[in-house]
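Now for the letters of each chain:
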Amino acid sequence: MTDRRTTIKLIMAAAAGVPALRRASATDPTEFQPDPRVAVDVQRYVPRMNGYGPDPNLIKAYEKGELWPLTLDPQQRQLAAALSDLIIPADEHSPSASAVGVVDFIDEWISAPYPQQRQDRETVLDGFIWLDGEARHRARRPFARLLEAQQRAICDRICDASRAPADLQRPAQFFATYRNLTAAGFYITAAGRKDLQYVGNVPLKQFDGPPVELLKRLGLV
Amino acid sequence: MPFVTPSTQRGPYDVIIVGSGAGGGQTAYTLSMEGVRVLMLEAGRKYVPAHETPMFQTPNLAPLGGSVTPDKNFGFYDATVDGGWDVPGQPYVTVPDKWGGRFTWWRARMLGGRTNHWGRISLRNGPYDFKPKSRDGLGLDWPIIYDDVAPYYDKVEMLVGVYGGNESLENTPAGPGDTLLPPPTPLVSDHLFMQRAPRVGVAVLPGRRAVLTRAQDHRTVPAKLHPGNAHAQKILAAAMRKRAPCLWATDCGRGCSVGANYQSTTVHLPPALATGNLDIITHAMVYEVTMDGSGRANGVRFIDATTGRHEHARARIVVLGASACETARILLNSKSGRYPNGLANSSGLVGRYVLDTVGSSVVGQIPLLESLPPLNENAAGGLQVYAPWWLYKEQLAHQLPFPRGYHIEYGGGKQLPDPYTFYGLEWLTGGSYGKKLKEDARRYYGSFVEFDGRGAMVPNDNCYVEIDPVVKDQFGIPVLRFHWQWGDYEQRQAVHMQETFGAIVEAMGGRVQTPVVTDPVKAISSGGQMIHEVGGTVMGADARSSVTNKWSQTWDVPNLFVADGGVFPYNADKNPTLTIMALAWRMSDHILERMRRREL
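From first to last, the protein sequence lines stand for chains A and B.
Reminder that position 199 of the first sequence reads as 199 in our numbering, one-by-one numbering, no gaps.
Reminder that position 4 of the second sequence reads as 225 in our numbering, one-by-one numbering, no gaps.
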């Protein structure tokens, strides 16, 4: 019954093993209350205060902050923008992450009442503290006011958890989370789609498939 | 006024149908087209795809970019409302299996039920699938053969509109040649799969899905489906004209506002309502079939969720299409002094032999598909090509450690970017960020392919539902308790899926995202996860070993029928929805014949 294109999202999310955006488990442990009688679990729906509920309006466009209050203060937003733009800067193809609303996307994300987002909130806010601490330790300034080279010097050590030293595993996990969120918030926008040269999501009279020349070039016909 | 309330219902009705999904929808359609007065009871709310489907909404317009949440388990834009693994106020109980796994139960409390959300993959069971025990000695045979159902597969394919190829392979039948719509043109990634999978012995066919790749033939199909019934033909022709062909955009899991794919709410219910013979009560939570003094059903009791009141609806015939496990729940809860174990349960088999589909998946990344030029690859919004099971002979010769097969659902292409598109890219990029990350995103976008194995399950005694002695739902109705245990066969089959998919990715020149899983316990999906649960009121050759006969009629109560997947004594690898509809149509024809003979 599962739609294939839904499955691919869930699998890719589940397989990578990094916390941000990880599939909310089909059977989230917080949803279960152990039954004291026997080794039996009762699956109960726990009302999620301030969530959008099981029957939201699917047609309307939602504003950030409309469904639940946002979190970040101006200083945190500056840090969020600086890090987002370090991860996705402007180039000849598209603007930077913060220019297309990624900070608002991340703020909405970490402010959401759902278990995955609550976990990511902790990761992101702790990561912000670590990042600013590291920046002040190195250059006596908050991260947002460092030169790009200084910012990169910090991030190069945490951008790949498989290479990060043991004492930087948690910051590396934060960076992975934050990069996932930045890429998510960026590539779902019109600017992100344009950057990828995505040309779908428009009604067509007929579907012709790929050009034969392309298939020939790839050795597929 | 086809939508009625408990107080405005317009009885007497000939037939009550519980549930509005594939089985209930098909039954309502077939019966109402022949003049039978039908009352349908749906537990959820009214749902109108034309007005409610988010067709072209992009993820940035949705909360959290449309991500999966506990409120919307398949993402914000999934068509399902008031449904999921948890339904408010409607708990269920699960007994963990010996590895700590748990059965999970997907429900959709809405008009059209789970037909609003599904892959639309529409495969026919083959001849072996109806007689599996005769072939290899395991499980249960159906009391019918493929030829009994084939004419109904033809009809359902023509009614709902299914695209596909007309190839017939071993145990993979096709209709007579004019029942299917043309399959969509393959994508680049499809061509690669078609070229390389044969290197590991796997043949690839066009997918079969309930999506209109062109307008339905409203001039000839109605007469084929309703010979001699001009009124029904006229209604169906009008309904077919209202459905538009595929727009080649948007994901079918959102539903379809133009009616290009099958949903009960788009295909079955509109013509049934147009006959004037169908009334529908929504928010009607049915919990009991009521009996007269002579051993016949005379109606159902339900709770009107809008008022909390207990109501009773009456009819000459009762059809349960509430979904396999919910139907078993209703029967088990229909207890009385005369029926202490529940209704239609003299065999003790109500709730037994619950089955799901074996699932296992692999994602691969294919260098040949990197950095392709811009392509619109939304296509038909789902499966384009697939590989049917190919090792029947080896299995018969006991050369494989599992007796039943699986098919491969495949997908790729440059799909609408969503929050998961570039999730966890480190395994390819080494943790790039900055301009390099943007270059990597362009390079890898559209280069991923996915393989989903969907496999047969042999029924076993450890998979069943019963009524929990303590827990009740918000209405006070006792809830189901699920027991689940995959057999060794299913687990070994899942490992075979993993190894095969790994080999195909290699043949495509790619790499797997995560190593193939060879631990049988970890390779397999959890029970219920494929949302293909069937069985629980299985059909069979006699009253001792089954709940219904070959007409889906309960052995114990002659005017009580089961229209959903509950009657499946075996779950082949083929996705169950098409077979549910075919069997419901066949059952409905039988009801009509018996009504004409005044036996019902």
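There may be inaccurate statements among the hints.
[Claimed, not checked] Quick list of the computed label-pair ranges, beta carbon to beta carbon:
hint, chain 1, residue 1, chain 2, residue 2, range
1, A, Gly65, B, Ala271, 26 to 36 Å
2, B, Thr527, A, Ala90, 48 to 58 Å
3, B, His272, A, Val202, 19 to 29 Å
4, B, Pro690, A, Arg118, 45 to 55 Å
5, B, Pro594, A, Ala190, 14 to 24 Å
6, B, His272, A, Glu92, 51 to 61 Å
7, B, Asp369, A, Asp208, 52 to 62 Å
8, A, Ala90, B, Phe224, 21 to 31 Å
9, B, Ala271, A, Pro165, 50 to 60 Å
10, B, His272, A, Val199, 22 to 32 Å
11, A, Asp208, B, Pro397, 27 to 37 Å
In case anyone wonders, no lab produced these hints; they're calculated from the structure.
Fair warning: this is a prediction, and the values are worked out from it, not measured in the lab.
Quick reminder that beta carbons are idealized off the backbone N, C-alpha and C, glycines included.
A quick look at each hint next to the structure:
1. Evaluation of the 26 to 36 Å hint for Gly65 of chain A and Ala271 of chain B yields a pass: the beta carbon distance comes to about 31 Å.
2. Our hint of 48 to 58 Å for Thr527 of chain B and Ala90 of chain A holds, since their Cβ atoms are close to 54 Å apart.
3. The hinted range of 19 to 29 Å is satisfied by His272 of chain B and Val202 of chain A, whose Cβ atoms lie roughly 21 Å apart.
4. A hinted range of 45 to 55 Å for the beta carbons of Pro690 of chain B and Arg118 of chain A is inconsistent with their spacing of about 35 Å.
5. At roughly 20 Å, the beta-carbon separation of Pro594 of chain B and Ala190 of chain A lies within the given 14 to 24 Å, and the hint holds.
6. Roughly 42 Å separates the CB atoms of His272 of chain B and Glu92 of chain A, a value that falls outside the hinted 51 to 61 Å.
7. Between Asp369 of chain B and Asp208 of chain A the Cβ separation comes to about 41 Å, which falls outside the hinted range of 52 to 62 Å.
8. In this structure the hint that Ala90 of chain A and Phe224 of chain B lie 21 to 31 Å apart at CB is violated, the actual value being about 54 Å.
9. The given range of 50 to 60 Å is respected by Ala271 of chain B and Pro165 of chain A, whose C-beta atoms sit roughly 57 Å from each other.
10. Checking the proposed 22 to 32 Å range against His272 of chain B and Val199 of chain A shows it holds: the Cβ atoms sit about 28 Å from each other.
11. Between Asp208 of chain A and Pro397 of chain B the beta carbons are some 29 Å apart, a value that agrees with the proposed interval 27 to 37 Å.
In summary, the structure is inconsistent with hints 4, 6, 7, 8 from the numbered list given earlier, while agreeing with the others.
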